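With the hints as constraints, model all of the structure from the sequences given.
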Amino acid sequence: MHILGVLLPESYPVKHALTQFYGIGQKTAQRLCARVQIHDRARIRHLNQGQITALTAFLSSPANSPPVAAQPLAPPTFVPPPLGQPVRQVEAEAPPDSLREIKIESDLRRQMRENIAHQRMIGSYVGRRHAMHLPVRGQNTQSNAKTARKLNRVERYN
Amino acid sequence: MLLVTALRTGRAVHPTTGTLATPAGAVAQTRGYAAPAAKNAKKVSSKFRPNAGKRRDSKRPGRDPGLFRPMSVNNLTHPVFESEQRVALQLPVFRPEAITPTAASKALAFPQNESNLLKAYGLPTNILVDYLLLSKPCSVVREVTVSLLDQLDNAARSSSKDNRVVLTGKPGCGKSYLMVQAVQYCSQKGWLSLYIPRAISLVNSSTSYVYDPRTQTYGQPAYAQQLLKRFVDVNGSLIRHLTLRSSYPFDERPVNSGEPLLNLINVGLEYQHQASTALSALFDELAKQTKYPVLLAIDDLQALYCRSQYRDPFFKSIKSYHLTLPRTLLEFVSGKRVFARGAVLGALSSQNTTFRTPLELIEALGLEPSGPSNPYVPRESEIVEYAKGLKNLPVPEKLTVDEAASIFELWQQAKALHLPQGDEPFLTKYTEAGGNAREFVQKGLLQTVAM
Chain Y
639 MHILGVLLPE
649 SYPVKHALTQ
659 FYGIGQKTAQ
669 RLCARVQIHD
679 RARIRHLNQG
689 QITALTAFLS
699 SPANSPPVAA
709 QPLAPPTFVP
719 PPLGQPVRQV
729 EAEAPPDSLR
739 EIKIESDLRR
749 QMRENIAHQR
759 MIGSYVGRRH
769 AMHLPVRGQN
779 TQSNAKTARK
789 LNRVERYN
Chain D
2 MLLVTALRTG
12 RAVHPTTGTL
22 ATPAGAVAQT
32 RGYAAPAAKN
42 AKKVSSKFRP
52 NAGKRRDSKR
62 PGRDPGLFRP
72 MSVNNLTHPV
82 FESEQRVALQ
92 LPVFRPEAIT
102 PTAASKALAF
112 PQNESNLLKA
122 YGLPTNILVD
132 YLLLSKPCSV
142 VREVTVSLLD
152 QLDNAARSSS
162 KDNRVVLTGK
172 PGCGKSYLMV
182 QAVQYCSQKG
192 WLSLYIPRAI
202 SLVNSSTSYV
212 YDPRTQTYGQ
222 PAYAQQLLKR
232 FVDVNGSLIR
242 HLTLRSSYPF
252 DERPVNSGEP
262 LLNLINVGLE
272 YQHQASTALS
282 ALFDELAKQT
292 KYPVLLAIDD
302 LQALYCRSQY
312 RDPFFKSIKS
322 YHLTLPRTLL
332 EFVSGKRVFA
342 RGAVLGALSS
352 QNTTFRTPLE
362 LIEALGLEPS
372 GPSNPYVPRE
382 SEIVEYAKGL
392 KNLPVPEKLT
402 VDEAASIFEL
412 WQQAKALHLP
422 QGDEPFLTKY
432 TEAGGNAREF
442 VQKGLLQTVA
452 M
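Chains Y and D, in that order, give the protein sequences.
Residue 779 in this note's numbering is what sits at position 141 of the first sequence, and the numbering runs on without skipping anything.
Residue 196 in this note's numbering is what sits at position 195 of the second sequence, and the numbering runs on without skipping anything.
Everything labelled a hint here was simulated from the structure, so no lab data went into it.
Since we're looking at a predicted model, the values are computed, not measured.
Here a beta-carbon is modelled for each residue, glycine too, at the ideal position from N, C-alpha and C.
Do not take every clue at face value.
Cross-link-like lysine-lysine pairs, in silico, DSS-like; alpha carbons within 25 Å at most [claimed, not checked]:
#, chain 1, residue 1, chain 2, residue 2
1, D, 190, D, 416
2, D, 392, Y, 665
3, D, 162, D, 292
4, D, 107, D, 171
5, D, 107, D, 416
6, Y, 665, D, 317
7, D, 389, D, 289
8, D, 162, D, 392
9, Y, 741, D, 317
So the derived list for chain D, only partly shown, Cβ under 7 Å to chain Y, looks like this [unchecked claim]:
#, residue
10, 206
11, 209
12, 214
13, 216
14, 217
15, 238
16, 249
17, 308
18, 312
19, 315
20, 316
21, 373
22, 377
23, 383
As structure tokens, this is what we get:
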């Protein structure tokens, strides 16, 4: 199945499949599953339409996704109203939702590009090291700087 | 590698002692109650196989292997082909009339008619593995079996508030087997039975969950629907005579009082999103009716007293009494709700270390705590409430010599062991196990079949 252009194989567990997105690791994927009420052992083929829609809506822009309403939980003495009666909406305070602040895919790449560009613009050591394709964080250069020479660029994360 | 391990991991088992006939009537875990199998993935033919694209010419006759065609078994009449015939176990059938004090330490086979109770409800994993090796689901009647079944007979007349029993004991002493025997006995005696063999599967985030604003709990629709189906399969003939006492106005199909109970269950079977509600309503109806006593049997009971592995949308762990079905079960176990006639039977299990028996339950049952139990250790008041009034039935940790001898003869009869018949090998294994049933069977007897 494809969500926003990323292929999620049908047999993958959902909380692992979501890590296919750039910017979502295991912890974020688990929180995302909990947000949409997907159990741990669900596979992509078990998802229903509502869950797919909720995931797609969140992943297309996390910052603009609708906030999740708090779900009040019944204490042991709670007696539910009988069927057929209208359910009273209980307003409960929602805890802070840190998932809306994450950035994924192109937004995340843009942010990282801008950070490096800013470092270059202010003429800092970090910016100079990116420009020279050398290690940035104080690693050895007498030997073993091959990855930095290959990957460190000012236009990295394009 | 051990036979048991081979079966668990599903690897091919190479029989070493002659040819084994297909076990007749083996309990098979079919997918009938599981989620529907996924649609077959489209098979893409490999480009690397030499004959990949070619279609087989249907007009060409099939190749005749001639000399290499296998002979049918009937043609193998020479005595050299005769091996030890493996016949199905010949055992008396488990019937309520057969359970008497004199029948203690006899092996009885569970009946396998159309409404096979064990096949419908499933079994705990350890018992299932045993039955994969034996050709018939069976068990040995013990003294504690007879005493428990006597207690259940007396419970048939009173409400379940006075008959809430929890089987406890050392790992491997036979709690799960005892529970299976109790469920089978009550079902044959005309009770309505509801057996949950693995309560851990309710709380380990293995089925879907949905928040219900009406009950302010999380329902598990897929599990509820399966449980309704299993209940109908086992108790269908009895509940045909029951009618509803209240009406349930479901959106899709309202059900009114006076209608047969089956109508309520069918709503849950047809509409999965209503299955949790239908199951809760079923519990209400079973609690009120007085025609049949009800047995609610839960193995792995301690899992219901632990925190579940589900998470709410803010990633907080959901407590087990905030899930609809575990909450209902806890209410019946604790006596907050009662069956007018019947009993509640639970069994603790120490196999899964993620769901250990919590301190509140240990103290309620009067067991010895494994960790600290001073007043500074936090105890959740809700869990203490849910554990009140439970009666502890300790299962003896040692098998008597007669019971162990019956088990030994059972396995020998099944031709599953590489042990000679006789007292000496039996007593050796019995002493090594110290009388513990699981150690005797798995580490004593089945170790002789190392692969």
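Comparing the hints with the structure gives:
no.: 1; hint: D:190 - D:416; result: violated (33 Å)
no.: 2; hint: D:392 - Y:665; result: violated (42 Å)
no.: 3; hint: D:162 - D:292; result: holds (17 Å)
no.: 4; hint: D:107 - D:171; result: holds (23 Å)
no.: 5; hint: D:107 - D:416; result: holds (18 Å)
no.: 6; hint: Y:665 - D:317; result: holds (13 Å)
no.: 7; hint: D:389 - D:289; result: holds (22 Å)
no.: 8; hint: D:162 - D:392; result: holds (11 Å)
no.: 9; hint: Y:741 - D:317; result: holds (22 Å)
no.: 10; hint: 206; result: holds (4 Å)
no.: 11; hint: 209; result: holds (6 Å)
no.: 12; hint: 214; result: holds (5 Å)
no.: 13; hint: 216; result: holds (4 Å)
no.: 14; hint: 217; result: holds (4 Å)
no.: 15; hint: 238; result: violated (28 Å)
no.: 16; hint: 249; result: holds (5 Å)
no.: 17; hint: 308; result: violated (13 Å)
no.: 18; hint: 312; result: holds (4 Å)
no.: 19; hint: 315; result: holds (5 Å)
no.: 20; hint: 316; result: holds (5 Å)
no.: 21; hint: 373; result: violated (26 Å)
no.: 22; hint: 377; result: violated (24 Å)
no.: 23; hint: 383; result: holds (5 Å)
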